[in-house]
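Participant: Below, each chain spelled out in residue letters.
4 protein chains.
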Amino acid sequence: MNDKHIVETTFRARYAETDQQQIVHHASYVVWMEEGRSEFMRQSGADYADVERGGHYFAVTGIQVRYLTSAHYGERVTVRTWVEDLKSRLLTFGYEIVNADSGLLLVTGESEHVCITREGQVTRIPEQWRKLLGQ
Amino acid sequence: MNDKHIVETTFRARYAETDQQQIVHHASYVVWMEEGRSEFMRQSGADYADVERGGHYFAVTGIQVRYLTSAHYGERVTVRTWVEDLKSRLLTFGYEIVNADSGLLLVTGESEHVCITREGQVTRIPEQWRKLLGQ
Amino acid sequence: MNDKHIVETTFRARYAETDQQQIVHHASYVVWMEEGRSEFMRQSGADYADVERGGHYFAVTGIQVRYLTSAHYGERVTVRTWVEDLKSRLLTFGYEIVNADSGLLLVTGESEHVCITREGQVTRIPEQWRKLLGQ
Amino acid sequence: MNDKHIVETTFRARYAETDQQQIVHHASYVVWMEEGRSEFMRQSGADYADVERGGHYFAVTGIQVRYLTSAHYGERVTVRTWVEDLKSRLLTFGYEIVNADSGLLLVTGESEHVCITREGQVTRIPEQWRKLLGQ
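Chains as they are written, first to last, in my numbering: chain Z, 1 to 135; chain V, 1001 to 1135; chain X, 2001 to 2135; chain L, 3001 to 3135.
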């Protein structure tokens, strides 16, 4: 992970994201990972809103999440995102989510994506985005 | 409300819908109201998926929710939905959400909608849907 | 609204918050209002996490939302929150949500809360929090 | 999977669960898996609400989801849930989510859980629940 380009985004855990176990619900981290890659793409010049406007989608084909420690309401969390793997049709992001104040590791994860067209056809990741994501 | 056509849909409160107060989070009821009107439209023959396929949307312009009693994880709840008002361009749904087993009233609500086209233009509710909703 | 103490918080609309109408889903704004009052309380020195730790809850008894314009994925939005009314047992927050870049008004809202104890008993808002919120 | 006890639960994809790609958002399936195991436990006589009332939690330590085909608003989906593995402290559920009408396989998944006490201490799964889940 050390030689990877890592992008960070920090925000607070929301009240609506907690559950009756009084911790952040495990599905919320999946949304946070998505915000992590949104920020990664934005900062790489490959804003995902632009990718979609151009007629391509990075459909999610798989996710994996490992939960180590819980986040709680109001805590500041940082999502660290990097490109784990980039092939002609397949893109894998890696994630670490930490407590932004203590640095405690909360969650590690991965998401796999294929590039599809508006019609749902799997296609090569357009060169323009591949270059920006592969930096 | 007595002379209105009322449609009911019943399901269980989900774990993910609870918050750290150990009750269902107040935004979840807004989603339940939406499912209530989805079911109302489906049973009226005006399935909202078909409305959208036909190029129209019932955009939400306002909601009002009053919270009386809390729902808890695993409890069966019933959403009762009716058309409160139907004008050429404006549609108002009314809702009651009750505990399906005890009958206890949990929430009352209302949602207002205007009909818009795919381009976002406000338009008259197509006669086909108006008739079905106005029964 | 002019003489009120207003607190702002700004963040981006998340992908998960959109729906198939390709705008932010109307229930997401209810969560954003909650984050608005979380931030208001934090900045007033009445952090809601502390209120709960002290054994009190501000239960939501009603919400009202008016939707004027839609937010879209990736847009920066600002939630402006103020105390609309503060009685011994009742607290009302007011909200405006705007596009942070254009200033366009997206949503206005209100939420009503009563103070309850851990046992669910309605009680007076503790003087400590009333003072901080009433500034 | 054939010799496992499988529990099914069927419901419709909600409008709020869709995203701007006009399919169900990938985090929604994580919530559906949770509802799958809620139903599994309920039907096994090990209602999770009772587990928590007894002072135990099955904390999620990992999830894995593979996305094959998308669900859409209004479609009926069936979550099939079974116990993949049951050790003294570790419980793994397996899932298949299919379109309830076409039978098309949408998603496969797994979730891992450890049993913890109210104080957050990892502990053995109480014999009472182990027996019911292991049937």
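Note that these hints are calculated values from the structure, not bench results. Ideal Cβ positions, reconstructed from N, Cα and C, are used throughout, including at glycine. Each hint should be verified, as a subset may be incorrect.
Claimed, not checked - Estimated spans, in silico, between C-beta atoms of each pair:
{"#": "1", "chain 1": "Z", "residue 1": "GLN121", "chain 2": "X", "residue 2": "ARG2076", "range": "28 to 36 Å"}
{"#": "2", "chain 1": "L", "residue 1": "GLU3008", "chain 2": "V", "residue 2": "LEU1068", "range": "31 to 39 Å"}
{"#": "3", "chain 1": "X", "residue 1": "LEU2104", "chain 2": "L", "residue 2": "GLU3008", "range": "44 to 52 Å"}
Participant: Could you run down the list of hints and mark each one as holding or not?
Facilitator: Okay, the hints, checked on the actual structure:
Take GLN121/Z and ARG2076/X: their Cβ atoms lie about 33 Å apart, and the range 28 to 36 Å holds. The supplied range of 31 to 39 Å is met by GLU3008/L and LEU1068/V, whose beta-carbon atoms lie about 34 Å from each other. Remark: the range hint 44 to 52 Å for LEU2104/X to GLU3008/L is upheld by a beta-carbon distance near 47 Å.
The structure fails none of the hints (numbered hints given earlier).
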